[in-house]
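Q: Here's the letter readout for the chains.
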Amino acid sequence: MSGPVRVPLVLLAGNPNSGKTTLFNALTGARARTGNYPGVTVERRVGTLSVGGRPVDLVDLPGTYSLSARSEEERVAAQAILPSSGPGPDAVVVVCDATALERHLYLAEQIRETGVPVVVALNMMDEAEAEGLQLEVAALASAFGAPMVPVVARRGRGTTELLEALARVLEEEPKAVVPLPLDAAVAADVEEVALSVDAAWPAGGVSEARRPAVRWARALWTLLSVGDDELRDVPAAVRDTVEAVQRRATSQGRALDQAIIMARYERLDAITGAFVRVESPRSGPSTTERIDRVLTHPAAGSLAFVLVMGTLFQALFSWSEPLVAVIEAAVGGVQGLVRWALPDGPLQDLLTDGVVAGVGNVIVFVPQIAMLSLFIALLEDSGYLARVAFVIDRVMRGVGLHGRAFVPLLSGFACAVPAVLATRTIENRKDRLVTMLALPLMSCSARLPVYTLVIGVAFPSGQSLPGGLSVGAGALLLMYAISVAATLGAAGVLRRTVLPGPRPALVLELPPYRWPLVRNLALATWERTRTFVTDAGTLILAITIVLWAMLTYPKDAATEARYETLRAQADATLAGEPLQVEHARLDAEQAAARMEHSLGGRVGRAIEPVVAPLGFDWKIGVGLVASFAAREVLVSTLAVVYGVGADQDEESDSLRSRLRTARRADGRRLFTPLVGLSLMVFFVLAAQCMSTLAIVRRESGGWRWPLVMLVYMNVLAYVASLLVYQGGLLLGFE
Amino acid sequence: MNAGDITLADLGVGESAEVRAVGGDRGVARRLMEMGVLPGTLVRVVRVAPLGDPVEIRLRRYGLSIRRAEAAAIVVTRSAESGPLPSTAGAR
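Top line first, the protein sequences correspond to chains A and B. For the first sequence, numbering that gives the first Met the number 0 gives the first residue as 0, with consecutive numbering after it. For the second sequence, numbering that gives the first Met the number 0 gives the first residue as 0, with consecutive numbering after it.
Please note that a few of the clues may not be correct.
To be verified - Partner residues aside, some chain B positions facing chain A, computed with beta carbon under 8 Å: (1) P49; (2) E55; (3) V74.
What the hints assert, rightly or not - In silico negatives: residues of chain A with every beta carbon more than 12 Å from chain B: (4) S206; (5) L223; (6) D348.
Said to hold, decoys possible - The following label-pair restraints were derived from C-beta to C-beta distances: (7) B:D4 with A:Q133: 57 to 65 Å; (8) A:L722 with B:R19: 30 to 38 Å; (9) B:G23 with A:A184: 56 to 64 Å; (10) B:G3 with A:G85: 22 to 30 Å; (11) B:G23 with A:I544: 33 to 41 Å; (12) A:R53 with B:G13: 33 to 41 Å; (13) B:D4 with A:A129: 51 to 59 Å; (14) A:A605 with B:A71: 33 to 41 Å; (15) B:A71 with A:E160: 53 to 61 Å; (16) A:A187 with B:G3: 57 to 65 Å.
The hints are simulated quantities; they were obtained by calculation from the structure and are not laboratory data. Where is the CB? At the ideal position from N, CA and C, for every residue including glycine.
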């Protein structure tokens, strides 16, 4: 241990569903600082504790079943416990569910072998007693080789004793570690790996007493983790040794993985077999079993599934609506206030249309993100989320996805931003990335105003399709069908191309049903929402300001002067209502002229040759540029660029009639049904939403995957629109 | 795995068995073993998902869901009795 000023570092480890987060919240009083582990997207929570009168940092590790690095979470946990450089933790608290002890102790055993001081928190002792399990805690602890403290994290029971045990462990000199008993031939294999490990990771920072345990633990970890892995920091020499040792062992009939894992379980089975007794075997099915008989029943379970998912969908789609309306009204109010307080000019424009609008673009997502985070925490903590995956996995498997991808995909119908956050429940990184990259193709609610406007403009309202469906409703239905097909297809293709890997397996624990704790739900919701605002929010704000500047500047002095003159003329010749009407007309015209002259307008003109084969003119091109802020911005942009003023919505008659009569240069009608269809198809498939890109950048830990998404979706959108428009022309539509 | 071996995928709902060998993809086999699916462990098939896959098995006092494809790589021998699930130790 270094100088006396250093705050000791204690890690909190445990399996998923061990109650680790509940214990963390109980120990730290829910005052956690949240962030990410460096370079990865695994959430890191740190709290401060008082242990034996002095402060200790407690870090909540991701929930893992083992330290072998199969997933990003496991890599993070292994790296935190056995860092390749630096001192490592002073102690680890391992949370174990007492009702399934030996499986939970497996992780504790791996950590114990590293020689780091361990305290085992035997959680859910109340449930264990209710199930008739008798644990001889003192005997278990001494046989295992680390102190064990019974706790009930949900009720905060046993935390004082846990902290006392932790204080003792932090004071004591580290004891020698009882090594894992291994068969001689296997031990020789491990020793060979240990020799190459010695050279690769000099044991800096680790005390002399711990060194043998650390090298042995690292050798075991390397043997179990290397091979079909994605570990970046394993030196090639170690990798070669491991592969050679594994080949030789296999050829001599030794299954090393199994031998090492078996040795651990044999040790744990012997301990639990001796000191855990089943006093009164339960008669009849457990509560969880009884609930599962309903919730995974072919008929009742499917109905429950549809109901729960329907409620989630409804919440995201409609229940957040009033809050969103309030936020939008507040943003409008603040903009009005700024306009009133500041003189007209560039500063006023920057504040209202750049900064305030940008902040609005961030907080407008908060209701949906909070709602979805709460729902997912509720589903996860109650145990139902695992059943969702169980019930729907068969469907997701077909496109190479995991059952856990269902909730994020469904959420994508409301908004991709919270849906991307929801992919955190998928443990495998590749599975998670495939889901994240495919789900923005789900037709989100921001596309609806675009569909509504285009259908209202391009499709005759009187006609209906066979079956009584109006043409507009048919087109809308078609867009949703295209969206679902594209999402599933893209997932399948991504799985086979940019993110290849072994067929994703499903090895999913079905934990007991438990009542979620209000405090855990509130904290999960608060922390996720806050992270979104601080991390993705800043980028969204920055892009909003850039887009605003693009659509505003440069201004043309001649145009500005001309409109000043026209206004002055109107003032001189008109009065009363005709004057107001004339002013409104001039304002709208001037806005259109400004946008045409702006950088965004020029980009729209410049890309006209590119979008013309899709049936779009340059004004729609400007709309495509502007809708990068958010898809629904297309509506207000078209309103400006067609000179009817910005404050129009998709139902506005003046906007619709203006667009209906819009003509191309050669006099043909612009918004034909075919162009409408092409534009809608483009909006279904294109990656136009900067907020989605911002959140994908945050969640994937870099720019690579959002760029992949931007390119593949936009290429897909372009090609599909091209096929629709050119195909339609060939078939004789116009 | 030899022809004629019984695998976990061959068991019906309610049937118990003892694991003989865990095969298949190394990463999946390792995960299953680390979660306690090891030679000697007693398992019972509890239910099948509404769409026929995956299945839920119970072992070592907890529930685990795996696909039939994974279950087909786990060689087992049927246990005579299909009563309530055994002791906490699960193995032997």
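Q: For each hint, tell me whether it holds in the structure or not.
A: Here's how the hints hold up against the structure:
1. P49: Holds, because the Cβ-Cβ distance from B:P49 to chain A comes to roughly 4 Å (cut-off 8 Å).
2. E55: B:E55 check passes; min Cβ-Cβ to chain A is 6 Å, inside 8 Å.
3. V74: For B:V74, the interface hint is violated, since the closest Cβ of chain A sits about 13 Å away, which is over 8 Å.
4. S206: Since the minimum Cβ distance to chain B is about 29 Å, A:S206 lies beyond 12 Å and the statement holds.
5. L223: Given a closest Cβ separation of 7 Å, the condition is violated.
6. D348: holds (56 Å)
7. B:D4 with A:Q133: 57 to 65 Å: violated (38 Å)
8. A:L722 with B:R19: 30 to 38 Å: violated (55 Å)
9. B:G23 with A:A184: 56 to 64 Å: Once the Cβ atoms are compared, 24 Å apart, the range 56 to 64 Å for A:A184 and B:G23 is violated.
10. B:G3 with A:G85: 22 to 30 Å: About 54 Å separates the Cβ atoms of B:G3 and A:G85, which means 22 to 30 Å is violated.
11. B:G23 with A:I544: 33 to 41 Å: With Cβ atoms ~53 Å apart, the hint is violated.
12. A:R53 with B:G13: 33 to 41 Å: 55 Å Cβ-Cβ, so the 33 to 41 Å window is violated.
13. B:D4 with A:A129: 51 to 59 Å: Since B:D4 and A:A129 have Cβ atoms about 39 Å apart, the given range 51 to 59 Å is violated.
14. A:A605 with B:A71: 33 to 41 Å: At roughly 58 Å between Cβ atoms, B:A71 and A:A605 fall outside 33 to 41 Å, so the hint is violated.
15. B:A71 with A:E160: 53 to 61 Å: violated (47 Å)
16. A:A187 with B:G3: 57 to 65 Å: 35 Å Cβ-Cβ, so the 57 to 65 Å window is violated.
Hints 3, 5, 7, 8, 9, 10, 11, 12, 13, 14, 15, 16 from the list above are not met by this structure, while the remaining hints are.
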